[in-house]
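The sequence shown begins at 1 in my numbering and counts up by one.
The hints are simulated quantities; they were obtained by calculation from the structure and are not laboratory data.
Any given hint could be a false lead.
Unchecked claim - Cut-off 25 Å, straight-line C-alpha distance, at most; resulting in silico cross-link-like pairs (DMTMM-like, lysine to aspartate or glutamate):
no.: 1; residue 1: K89; residue 2: E50
no.: 2; residue 1: K193; residue 2: E133
no.: 3; residue 1: K89; residue 2: E23
no.: 4; residue 1: K39; residue 2: E75
no.: 5; residue 1: K128; residue 2: E23
no.: 6; residue 1: K89; residue 2: D54
no.: 7; residue 1: K39; residue 2: D54
no.: 8; residue 1: K39; residue 2: E119
no.: 9; residue 1: K128; residue 2: E209
Note that the coordinates shown come from a computational prediction; the quantities given were computed from them, not determined experimentally.
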Amino acid sequence: MPRVILSLVVALSLAPVALASRENRMVRAQLDRVLPDVKLTNVALRDCIEFLRDISAANIHVDWRALERAGITPETLINIRLRNVTLRKVLTTALGETGAAGAVTFYVDQGVITVTTREIADRQMITKTYYVEDLLFEVPDYVSNASMNLNDSQAVRGGRSGYDSGGAFTRGGIGIGAGSATTPGGGVAGTSKVDRANALMSMIRDIVEPPIWRENGGTATIRYFNGYLIITAPRSAHEAIGGPID
1 MPRVILSLVV ALSLAPVALA SRENRMVRAQ LDRVLPDVKL TNVALRDCIE FLRDISAANI
61 HVDWRALERA GITPETLINI RLRNVTLRKV LTTALGETGA AGAVTFYVDQ GVITVTTREI
121 ADRQMITKTY YVEDLLFEVP DYVSNASMNL NDSQAVRGGR SGYDSGGAFT RGGIGIGAGS
181 ATTPGGGVAG TSKVDRANAL MSMIRDIVEP PIWRENGGTA TIRYFNGYLI ITAPRSAHEA
241 IGGPID
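Using the sequences provided together with the hints, build the complete structure.
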């Protein structure tokens, strides 16, 4: 009986997470919907957002107070003429038209697209784990094999990653391997898995928003444990590393 109760408690605790994830996937599908023709000439940002709500049926919330602190008002004029592009691209272009493209952003959370400043979006530190075991495998030394086929090499190496969600660790993306200098991994022969994990973490800190990491004076952290990277960082960093956050 205790085991049944425990299973029920776990299932109930995971239910809201599963629901939010499903809602987020639905919204991302709306963001990926292709719009055949969008023409907005000298349209206020408020009306632009309302138009996007109507044609997509998406829940779009705008943090106007945050935008106004960045110099953007509901009356800021937008000019867009696009064909056969996604809602995501239209919204990105509209925010770029405000003149503060680097300061404003949007993200999906619990089925809602929230438009706000990047500063506000990144205030929350989010902890996620990323499976990277297959980025750290040791590449066999095939240099002495005269009949080596590059296609066979790719089949072994594969450019694989533990996940493929749109961020830096997608297929053909970052790879850390150990082998000779002529192997696809390009690593140093004999390095340990921990050494390769440290190299991968260093690469992430160098590429993804360097100032945010604790080693560079920030507060974000990245650790390796048993085949996983455990990363605590702002939303934008996670999206750069692993794609959209569900």
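Inset, instruction - Provide an ascending list of the numbers of those earlier hints which the structure does not satisfy. - result: 8
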